[in-house]
Every structure is written in C-alpha cells, then in structure tokens.
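> Take the sequences, apply the hints, and build the full model.
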Amino acid sequence: AQSVTQLGSHVSVSEGALVLLRCNYSSSVPPYLFWYVQYPNQGLQLLLKYTSAATLVKGINGFEAEFKKSETSFHLTKPSAHMSDAAEYFCAVNKGGGYSTLTFGKGTMLLVSP
Amino acid sequence: DVKVTQSSRYLVKRTGEKVFLECVQDMDHENMFWYRQDPGLGLRLIYFSYDVKMKEKGDIPEGYSVSREKKERFSLILESASTNQTSMYLCAGGEGRTGELFFGEGSRLTVL
Numbered sequence: 007a008q009s010v011t012q013l014g015s016h017v018s019v020s021e022g023a024l025v026l027l028r029c030n031y032s033s034s035v036p037p038y039l040f041w042y043v044q045y046p047n048q049g050l051q052l053l054l055k056y057t058s059a060a061t062l063v064k065g066i067n068g069f070e071a072e073f074k075k076s077e078t079s080f081h082l083t084k085p086s087a088h089m090s091d092a093a094e095y096f097c098a099v100n101k102g103g104g105y106s107t108l109t110f111g112k113g114t115m116l117l118v119s120p
Numbered sequence: 216d217v218k219v220t221q222s223s224r225y226l227v228k229r230t231g232e233k234v235f236l237e238c239v240q241d242m243d244h245e246n247m248f249w250y251r252q253d254p255g256l257g258l259r260l261i262y263f264s265y266d267v268k269m270k271e272k273g274d275i276p277e278g279y280s281v282s283r284e285k286k287e288r289f290s291l292i293l294e295s296a297s298t299n300q301t302s303m304y305l306c307a308g309g310e311g312r313t314g315e316l317f318f319g320e321g322s323r324l325t326v327l
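Protein chains in written order, with the numbering used here: chain A, 7 to 120; chain B, 216 to 327.
Quick caveat, the hints were computed from the structure, so don't treat them as lab data.
Keep in mind that a hint or two might mislead.
What the hints assert, rightly or not - With a Cα cut of at most 16 Å, we get these calculated EDC-like pairs of lysine to aspartate or glutamate: (1) A/Lys112 <-> B/Asp253; (2) A/Lys112 <-> B/Asp274; (3) B/Lys218 <-> B/Glu310; (4) B/Lys218 <-> B/Glu315; (5) B/Lys268 <-> B/Glu245; (6) B/Lys285 <-> B/Glu237.
Said to hold, decoys possible - Some chain B residues well away from chain A (every beta-carbon gap over 10 Å; in silico): (7) Leu226; (8) Asp243; (9) Lys268; (10) Arg283.
In this text, a Cβ means the ideal position worked out from N, Cα and C, and glycines have one as well.
Here it is as structure tokens:
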C-alpha cells in the first residue's frame with residue numbers, strides 16, 4: 007500500500023522568506039509524485055509532478071521539488087514567499103499502472119505574513 | 216485548456232433528500248473520480264470509474280452511489296442525504312499512466 011505524510015498541518019512564513027513544505031511517501035515501487043495547490047473554495051491545481059525523469063522538478067509560480075529516493079521524500083520549496091502563495095498544499099503519490107489511484111496527504115496550510 | 220465542470224458550486228439540502236452531483240470533463244479521459252474533502256482529513260476517495268458503465272469503490276463508498284452512462288459524465292448520488300455528508304465534493308478526470316488528476320472547482324454541500 008502507498009501512503010503520504012505531510013509534516014505540519016500549518017506552516018507560517020514571512021513574505022520574502024524561504025518556503026519549505028515536507029512530504030514523505032511510502033510505495034512498494036518507484037512512484038509518481040505530485041504537489042497540488044488549493045485556494046479557498048476552489049478545486050486543486052497541479053503545481054508540479056515527478057514522473058521518473060529529472061529528480062529536481064520545477065513547477066508553476068516559482069515552486070520546485072526534489073525527489074530523493076533514499077529519503078523517500080518529495081519536499082516542496084520556493085526561495086521567496088509571496089502573499090499570493092497563501093493556500094493549502096497537498097502532496098500525492100501513485101505507484102502507476104493499471105487501476106492505481108492517487109493517495110493524498112492531509113495537506114499543509116501555508117500562511118504568509120507581511 | 217482542459218476542463219472539468221461541476222454543475223453546482225453550492226447546495227443546501229435537507230436530511231433524507233436525494234442529491235445528485237454532476238461532473239463533466241472535456242479531456243476525453245477514461246478515468247474519473249469523486250473525492251470528498253473535510254478539514255484535517257484531506258481528500259478521501261469515494262468512487263472512481265475507468266470506463267463507461269464501470270465503477271469501483273474507493274475508501275469511503277458508504278452512503279453514496281455513482282453513474283457513468285457517458286464517457287464525459289460522472290455523477291455522484293446521495294440516496295438519502297445525512298448531516299455527516301456535509302462536505303466539499305471534488306470531481307476529477309485522470310490521466311491513466313501516471314495517475315495525474317485534473318479537478319473541478321468543487322461542490323460544497325450542506326445537509327440540514
């Protein structure tokens with residue numbers, strides 16, 4: 007079975023500070039990994055994805071994530087937070103193939119203060 | 216631009232009513248999914264479908280059913296709504312190889 011753990015239900019940063027949202031996964035096979043963002047009262051929007059190509063993945067809005075197999079991690083980072091980054095972020099894993107489905111973490115709310 | 220459209224953004228229903236949540240996708244995806252989202256619990260899979268007239272139970276199917284008569288349309292049905300089904304419901308179309316999902320805007324259901 008696959009699972010995802012997001013460390014911290016809430017993360018607070020100041021505008022301009024580094025953003026680091028943590029995601030660890032478990033999967034019996036090399037996974038596909040995703041980060042989604044959700045703004046209030048909206049659906050989820052894909053930020054970036056790892057599909058077994060480059061381990062450092064760049065996404066939209068200046069976010070990036072690095073796949074580290076040895077640490078089973080896929081942490082999300084952004085060098086400088088902006089007020090508009092305040093949202094909830096979800097990490098998800100899929101082992102791929104056949105009838106597999108995405109498994110989501112419980113989400114991390116990013117709060118950005120001026 | 217790919218699109219998943221959920222017919223109702225906000226609904227208020229009474230306990231015992233039958234509720235239909237409609238979802239349409241224009242991506243020609245075989246796979247479609249219904250999730251519910253609750254604070255602190257993240258997204259939980261209710262039902263999914265890999266083909267027309269085909270359905271599979273997710274993690275929390277109790278109290279729900281689905282219908283997929285056409286490839287582009289996937290409906291979630293609450294046969295007899297209860298207050299514990301008050302939630303945000305998210306529909307998604309899915310890419311088969313990686314499992315990437317494309318979400319609709321969500322339907323926020325309140326059951327009184």
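> Would you say B/Lys268 is clear of chain A, with no C-beta pair closer than or equal to 10 Å?
holds (16 Å)
> For B/Arg283, which was marked as not at the interface, is the minimum beta-carbon distance to chain A over 10 Å?
Answer for B/Arg283: holds, closest chain A Cβ roughly 15 Å.
> Please verify whether A/Lys112 and B/Asp253 have alpha carbons no more than 16 Å apart.
holds (10 Å)
> Run the distance test for B/Lys218 versus B/Glu310: straight-line Cα separation, threshold 16 Å.
holds (13 Å)
> Is the straight-line distance between the alpha-carbon of B/Lys285 and that of B/Glu237 16 Å or less?
holds (12 Å)
> Verify this label for me: B/Asp243 is non-interface relative to chain A, using a Cβ-Cβ cutoff of 10 Å.
Given that every Cβ of chain A is farther than 10 Å from that of B/Asp243, nearest at about 18 Å, it holds.
> With the threshold set at 16 Å, check whether the alpha-carbon distance from A/Lys112 to B/Asp274 stays at or below it.
Holds, because 15 Å separates the two Cα atoms, which is no more than 16 Å.
> Would the pair B/Lys268 and B/Glu245 pass a check requiring their Cα atoms to be no farther apart than 16 Å?
The hint holds at about 11 Å.
> Can the restraint linking B/Lys218 and B/Glu315 be considered satisfied, given a maximum Cα separation of 16 Å?
holds (14 Å)
> Confirm or reject the statement that B/Leu226 sits farther than 10 Å, beta carbon to beta carbon, from all of chain A.
The assertion about B/Leu226 holds, with a minimum of 14 Å to chain A.
Checked against the numbered hints given earlier, the structure satisfies every one of them.
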